[in-house]
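There are 2 protein chains.
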Amino acid sequence: MTAATVSRALSDHPEISAKTKAIVKEAAQRLDYKANRIASSLRSGKTHVIGVLIPTAENAFFGSVIHGITNLASKHGYSVLIHECDELYELEVKGIQTFIGARVDGIIASLSRNTLDYDHFLDVKRRNIPLVFFDRVPDLDIPSVVIDGFNGSFWATQHLIDQGYKRIAHISGPLYINTFNDRFKGYEAALKANDISFDENLVFSGNISIESGMEGTRHLLSLPEPPDAIFAAEDFTALGILKQLKISKIHVPEQFGVFGFCNDMFSEHTTPSLSTMDQQTVLMGQEAFKLLNQIIENGNEDNSSKIVVKPLPVIRESSLKKVH
Amino acid sequence: MTAATVSRALSDHPEISAKTKAIVKEAAQRLDYKANRIASSLRSGKTHVIGVLIPTAENAFFGSVIHGITNLASKHGYSVLIHECDELYELEVKGIQTFIGARVDGIIASLSRNTLDYDHFLDVKRRNIPLVFFDRVPDLDIPSVVIDGFNGSFWATQHLIDQGYKRIAHISGPLYINTFNDRFKGYEAALKANDISFDENLVFSGNISIESGMEGTRHLLSLPEPPDAIFAAEDFTALGILKQLKISKIHVPEQFGVFGFCNDMFSEHTTPSLSTMDQQTVLMGQEAFKLLNQIIENGNEDNSSKIVVKPLPVIRESSLKKVH
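Here the protein sequences come in this chain order: A and B. Under full-length UniProt numbering, residues 1 to 324 are what the first sequence spells out, in order. Under full-length UniProt numbering, residues 1 to 324 are what the second sequence spells out, in order.
Chain A on its own, in the form it takes in the complex:
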């Protein structure tokens, strides 16, 4: 059956047989196709559905950002549909196609780990579907919401210095990812601002895991001049540091300071509890929706819009040398 036949059958065209019309109509009904739905969309021009593309559902960070988006979007009369990509480029492309198929009014997205080709996002732009990125952002001229990793890391490093730690090391995430490069630079800048010379031996390149936190700590402790504090690029790494220090019988925070980044769910429950930077995930989700909503409402957009969310320090036991 051709598209033309379907169209005619749906509009009761006299040249189409009653049988064909019945088949098409039943199928159309099953698919919940209704002409008045199009008529309604014609009046408002909108479906009141937005799509949110996330790299993985197995990470509390994205769950919390979604919570922020859904929360504000529902107050504005929008339904939110989420698509998880399992960190795979193929599923990311499929997610975008599904959103287009569902005729979403706009898309909020965060990149999967290995996405290097942005054609699917450029297709969204060509269709004039409003698009906003958050956290993991491509090098494209598209509005986005990110965390201020540089200043957050500067703050954390300064705090360790203020607490009296003398040799502060850093276990980074992969430095080719902007997010982690920013945190490394914030650490470096804080040392410089305090006239502490940067020692590249004190930087261990980790991979966002408990294991790399443990491995990095073992390596740093084996140096001729070991550090007495570590600023970790994120909380799983910091958790690994705490675990290794416990094994090495080094007391935190008396002998050694540890500072993380993310305020992951577990960080307040470690022993000692972990000082870290809160990423304000719910706020990030709300800001992403606000930005998208502005674009939907105003029709046009300022592609250079970049909202920078300020991370908030959460000082717990692992960095408080002075009170001990």
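Just so you know, the hints here were simulated from the structure itself, not pulled from any lab data. Beta carbons are placed, not taken as given, at the ideal position from N, Cα and C, and that holds for glycine.
The calculated lysine-lysine pairs, modelled on DSBU-like cross-linking and capped at a C-alpha distance of 30 Å, are:
| id | chain 1 | residue 1 | chain 2 | residue 2 |
| --- | --- | --- | --- | --- |
| 1 | B | Lys246 | B | Lys321 |
| 2 | A | Lys46 | A | Lys94 |
| 3 | A | Lys249 | B | Lys249 |
| 4 | A | Lys46 | B | Lys46 |
| 5 | A | Lys249 | A | Lys321 |
| 6 | B | Lys21 | A | Lys46 |
| 7 | B | Lys125 | A | Lys19 |
| 8 | A | Lys46 | A | Lys75 |
| 9 | B | Lys246 | A | Lys321 |
| 10 | A | Lys94 | B | Lys290 |
| 11 | B | Lys243 | B | Lys322 |
With beta-carbon atoms standing in for the labels, derived distance ranges:
| id | chain 1 | residue 1 | chain 2 | residue 2 | range |
| --- | --- | --- | --- | --- | --- |
| 12 | A | Glu254 | B | Val323 | 27 to 33 Å |
| 13 | B | Asp141 | A | Asn298 | 45 to 51 Å |
| 14 | B | Arg127 | A | Lys125 | 33 to 39 Å |
| 15 | B | Ile307 | A | Lys19 | 40 to 46 Å |
Could you slot chain B onto chain A? The hints should help.
Showing chain B alone in chain A's frame:
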């Protein structure tokens, strides 16, 4: 503009003016409405999209189940759209409407905390859209995937008995929720199977939180005959128990045993690490998709289908009295 006019314009009906046709067609194009999409759906009868309704995105449990669903669904050529309800009945209804609007081929759902009215799900059934529930399941004749809380709790309690703990208490979740009632009954049955008389003073009614774990522990310790172990209905409660025992300077596991339920992300990182039952969340998601896919493929369904996922014990430090 009426639905009839839109239908006619789309099918190039001679009575509709060129201007109206142009408006409708442009709008239809903007909405990505295409007659051949309907024709294509007519041929396959499917959109290859399924909807997943979750109570909240701020809980690692649901993120992990989604991961299981998406993983298997994508292998079967399905896209998965997720809708978070923020534990609100209103958003649950809206989510279902959005899924119907997106013409999903099937829906997998878990109930929000206060959902008592199931009309929106009955509407899904009336439309013959395949529907499967997981974890939080209504009292309806609809296929579902649940965890075997009774036997998991029996196992945990038996383990505490085997380790030599003598008075085993239980801090429950809200007992009007089936999930938590099952766990309470499993605890009770294990005591009975070991000829240990059930003492209602040893059951504290909690509310799935760290605070209620702490409060319950304080209460139980204040009894004339306090317990020397607690089986908690879930891991946040167990975490609260560990925190309170630390404050009360009671050593775990030497003096006191603690067992949780869920294997929440943080449970391996507490001090001491928490023994718990793993809910096999990814498997639960996969089973839910398999069940849904069977219904989609076979057209009919056995409404009594109930898949029961077996929880797996994860023995860590908090319950191992014997090795100490």
